[in-house]
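Number of protein chains: 2
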Amino acid sequence: MSRIIRLAGAQMGANQKADSRRQILDRMIALLDDAAGQGAQLVVFPELPFTTFFPRWLFETQAEVDAWFETSMPGPNTQALFDRAKALGVGMYVGFAELTPQGQHFNTSITVGPDGTILGKYRKIHLPGTVEPRIGDRFQQLEKRYFEYGDLGFPAFRGPESWGRAIMGMLICNDRRWPEGWRVYGLQGVELMLIGYNSAAYDPMGGTTEDASLRTFHSTLAAQANAYMNATWAVSVAKAGNEDGSGLIGGSVIVSPNGIVVAEAKTLGDEVIVADADLDACRQGKEKMFNFAAHRRPQWYRPIIDQVGAVPPA
Amino acid sequence: MSRIIRLAGAQMGANQKADSRRQILDRMIALLDDAAGQGAQLVVFPELPFTTFFPRWLFETQAEVDAWFETSMPGPNTQALFDRAKALGVGMYVGFAELTPQGQHFNTSITVGPDGTILGKYRKIHLPGTVEPRIGDRFQQLEKRYFEYGDLGFPAFRGPESWGRAIMGMLICNDRRWPEGWRVYGLQGVELMLIGYNSAAYDPMGGTTEDASLRTFHSTLAAQANAYMNATWAVSVAKAGNEDGSGLIGGSVIVSPNGIVVAEAKTLGDEVIVADADLDACRQGKEKMFNFAAHRRPQWYRPIIDQVGAVPPA
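If you read the protein sequences in the order shown, they are chains P and Z.
End of the first sequence sits at 314 in UniProt numbering; the numbers just go up one at a time, nothing left out.
End of the second sequence sits at 314 in UniProt numbering; the numbers just go up one at a time, nothing left out.
The reader is advised that the hints may include incorrect statements.
The list makes no distinction among identical chains, and a pair is therefore deemed to hold if it is satisfied within one copy or across any two copies.
List time: in silico DSSO-like cross-link candidates among lysine-lysine, alpha-carbon distance up to 27 Å [to be verified]:
#1 K86 - K144
#2 K121 - K86
#3 K286 - K17
#4 K286 - K266
#5 K266 - K121
#6 K17 - K144
Hints were generated in silico from the structure; no laboratory data involved.
Being a predicted model, the structure only gives us computed values, none of them experimental.
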């Protein structure tokens, strides 16, 4: 079987609060068509691509919050994207705000196969931000208020034959900065990591020392190094641009198992990036430098699970 | 107290097998003088700086192996360096091959304070290479043969008042590619990570897909990203150049808690790099993005200690 897969990142420009769901969905379908036209077999969309990044706003009622969530996936507001992907025979990673029948809220992503089958599901574990709004700030980061922490762990899964049975993993936004999540996937032999994000172009917690350039550098650095240290391909895709006055970085990238950026978005708008990924290029790292069985020493890693916060020496 | 410390990396060029110990020590003292002349308070030397990188050679007898080791530190072959450092009031990180009174062999580093006190000791945990020599290869990587795995964990320690009571950690060479070690230090609030290395300018395990440029990129990438993800300064220092026909990368760097390279060696020879590190620059990361207490979710990290090698999904 072929172990080369053509990957696409479908970076999205800003979604304004006032944009209709159909307007946004049409842009996503246009990106899908563009990627498929370039021969992509798998298209990665950002985190929460169907709406604006709503956790920046404080809502008064739970009904206002729930209006941003999907109660089924696909559902009435998303079905057309799934139909087009299936018709094109193209798979996709797509994020969404998930409201379960039991009333739980998660920041979720799924990977859909070329035949429309849902291959894997992930719920964001590293939720940034705060539960309580920060008084006086124009924009909030309320993911800890609106979502529960992901409860599915970091579950790797296999792609179909046409994707070389790739071992795949998913992360969402802030997760990509946490080496623990990458490593749990690495310990499942991950060959292809899919990531969507919305990252503020400024310090979302109110500081003034981080600008868009630094934050884009951090985003790329985290993808490169964690891909390298786990010998995996990675596709990391932004929703970018100015959403109702709040800036989001772009910098969508496709990264090789050597940590090299092989495709990179140049704009802050809707933009498709494409690269061919040879999954067997993961073998050099997995069998040598990062041959975990030969070189890891878990008896010294216990604080990683025994501690949550940092405890300085006396 | 001041929380700004002037750091130096003392990159070393090649040490040939035939070089005398005194010849090499004199070069180290010259580097120390150079760094002190530039006002450095702490000078980082490479891994195994006192000799050639001897694990590339297969030795027939244990006596031949032991000849590369130090039975005390400082000892007769190293005392002059310690004396000069103390006279200058400069601290240092220095690696050495440690042979204990009990006959144990470790790849070790110590950090020495400005008054000559040994502040911390680390024994390399992530030993690369093989126990058995690879037949037919001109150069070996026999660290797993000549050294035992480090048995001290990743112990952070405090610098003196004149270093702002910095929380410090040490790694050695291959350790810098393993996020687990960095994170265990991160969980102790590390603000300054010291690293020495000897890294082949080719794939030391016999492959042909890695060259000096790629391997230097990997070295820098690992230092940058792990410094960023743990909000710490890092000084990562090479022994470089051509040792008896076997190439070593250079690329010594000083990296900020933002993952930015603030000083970088330009040669493959003896070269001092210097930068001022404001330890309080770690606070932005430690209190916000990488506020571990607020954002880590250890219940999902268990495979990191429960597994050694990778286990792919069915």
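Going down the list of hints, with the structure as the test:
Taking the closest pair of Cα atoms, K86 and K144 never come within 27 Å of each other, the shortest separation being 34 Å inside a single copy and 51 Å across copies. Proximity of K121 and K86 under a CA criterion of 27 Å is satisfied intra-copy only: 18 Å inside one chain copy versus 59 Å between copies. For the identical chains of this complex, K286 and K17 are neighbours neither inside a copy (44 Å) nor across copies (32 Å), given an alpha-carbon limit of 27 Å. With identical chains, the CA atoms of K286 and K266 are never at most 27 Å apart, being 31 Å at best within one copy and 31 Å at best between copies.
Neither within a single protomer nor between protomers do K266 and K121 lie at most 27 Å apart by alpha-carbon distance, with minima of 29 Å and 46 Å respectively. Taking the closest pair of Cα atoms, K17 and K144 come within 27 Å of each other only inside a single copy of the chain (20 Å); across copies the shortest separation is 58 Å, beyond that limit.
The structure fails to meet hints 1, 3, 4, 5 from the earlier list, while all remaining hints are met.
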